Amino acid sequence: MPSNAPRPSAPAAVLCGLAGWVPPRVVTNDELAERLETDDTWIRTRTGIRRRHIAEPGQATSDLAVEAGRLALRSALTSAGGGSGHRPGRGSADAVIVTTTTPDRPCPATAPLVAARLGLGGAAAFDVGAVCTGFVYGLATAAGLIASRVAERVLLIGADVYSTIVDPLDRANAIIFGDGAGAVVLRAGHPDEPGAVGHFDLGSDGANEDLIMVAAGGSRRPSTAGSGQGSDGGFRHGSADGSRHGFDGGEPTRAERHFAMRGKEVYRHAVTRMAASARATLDRAGRKTDDVDHFVPHQANLRILHSVADDLDLPRERCVANVDSVGNTGAASIPLALADAAARGRIRAGDRLLLTAFGGGLTWGSCLLTWPPLLTHPQPERSTP
Amino acid sequence: MTSTYDDLVGILTRLHDTPADLIRPEATLGALDVDSLTTVEISIRIERDLGVTVGDDELQPGLTLGDIAALVDARRATTV
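Protein chains in written order, with the numbering used here: chain W, 1 to 385; chain F, 1 to 80.
Please keep in mind that the hints were generated in silico from the structure rather than gathered at the bench.
Be careful, since some hints might not be right.
[Said to hold, decoys possible] Only part of the chain W face toward chain F is listed, based on derived beta-carbon distances under 10 Å:
1) TRP42
2) THR45
3) ARG46
4) GLY263
5) LYS264
6) GLU265
7) TYR267
8) ARG268
9) VAL271
10) ASN301
11) ILE304
12) HIS306
13) ASP310
14) ASP311
From a predicted model like this one, the values you see are computed outputs, not experimental measurements.
No residue lacks a Cβ here, since even glycine has one placed at the ideal position from N, Cα and C.
One chain only, chain W, in its complex shape (with noise of 0.2 Å):
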């Protein structure tokens, strides 16, 4: 297979700021507990999850991804090896990349908005969709504006707010999913240093959609049965192709406007898919498992991280897990991880990081870096962990 890494002469997106936020209200599972049939030893067995953090109602996707964004800038200011003497300077971007399966609204979106409230008004923004893959998604789209000369510097966020999909008496979901947003800023720079996103692998099979969905507020299938044209309009619900979609036409039901997942399947999925893509990268790199210090996958369910690191046997423990005490948070998930194991001194500069995400779509993805040369900034007033 051909090597993706970038043309020597074609600048490198090289990591040069991080930073993660949640919303303040910490939910436990206790907490789920006296809404739902579980309680605290099931869902930490299940899942490895202790508590996950919900934003408050009416706090959305941008508001999450603003926080993330400017302590992400921040951080690019201050670290070393930031970046001088370009435009646009070191606590900016002229690119703006939102991934997120929750945008603000159907239309516009979120990026522009985002993009505007972090004073990068005029700077390219547009959203990524690959539900839980997205931020390896949105790091080859921010590798491709630079490798192209399109962008100079690259603000990515994954930033969702699960709360506003799942269903809070969704027993199987609401006790997964958290709300958060991460953040990365890529500067130009050269393939070998450090920091530089250089082999990827991304992968999609649409034939397995109906795995993770929300079936309801799309073209397929619109919010409202009035949404769509009336008889009048020349646009007809029912149609041949609507059909075949199990459109009846009438309104969606609370299921149909929810997250739903098929867990059995989706677990199969998320563990052999993310296996292979983890491989295929170390392939297209010339690398082994033994050169990989930190393995970073979405942060699904501990039990789908520890299977994965299993079948690549890396040892457990240099697998990044934070999902304990975030839960899953989407497209936020692998930014946040980051983001807490750098706090804590876990991942430092010349580490070889494997980073492997797997989502609705189906979709999936990997990315290698060495750690650069990182100062984060915690969340001021984060409550936990």
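Position chain F relative to chain W; hints supplied.
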């Protein structure tokens, strides 16, 4: 018991929610409180580590660990 049983015990003891002191040949998956995702994990690891396919839908709660070891051996015999 067979070495396949020992391999199966090796798989189970690496899982989070299987109480090690209850693992015996006559223990059923139900008695071990194996949930649906754990049956998927066991199925994945049997295929990965032992080289035979046992679907998670085959791992019913009434099956003992000895039964599963015998099932794996039988599958191996038919695939050789």
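Supplied contact hint for W:ASN301, tested at 10 Å Cβ to chain F: holds (8 Å)
W:ARG46 was flagged as interface toward chain F. Is the shortest Cβ-Cβ separation under 10 Å? holds (6 Å)
Quick check on W:GLY263 please, does its C-beta sit within 10 Å of some C-beta on chain F? holds (6 Å)
Go through the hint on W:TRP42 and say holds or violated, using the shortest Cβ distance to chain F against 10 Å. holds (9 Å)
Let's test the interface hint: is any C-beta of chain F closer than 10 Å to that of W:HIS306? holds (8 Å)
Given W:THR45 was flagged as interface, is its beta-carbon under 10 Å from a beta-carbon of chain F? Holds: closest Cβ of chain F sits about 4 Å from W:THR45, inside 10 Å.
Hold the hint about W:ARG268 up to the distance rule: shortest CB distance to chain F must be less than 10 Å. holds (5 Å)
Do the numbers back the hint for W:LYS264, that is, is its least Cβ distance to chain F under 10 Å? With a minimum Cβ separation of about 5 Å from chain F (threshold 10 Å), the hint on W:LYS264 holds.
Given W:VAL271 as an interface hint, is the shortest Cβ-Cβ distance to chain F below 10 Å? holds (6 Å)
Given W:ILE304 as an interface hint, is the shortest Cβ-Cβ distance to chain F below 10 Å? holds (9 Å)
Tell me if W:GLU265 is really an interface residue toward chain F, meaning its C-beta lies closer than 10 Å to one of theirs. With a minimum Cβ separation of about 8 Å from chain F (threshold 10 Å), the hint on W:GLU265 holds.
Is the interface hint for W:ASP311 satisfied, with its Cβ closer than 10 Å to some Cβ of chain F? holds (6 Å)
Checked against the numbered hints above, the structure breaks none of them.
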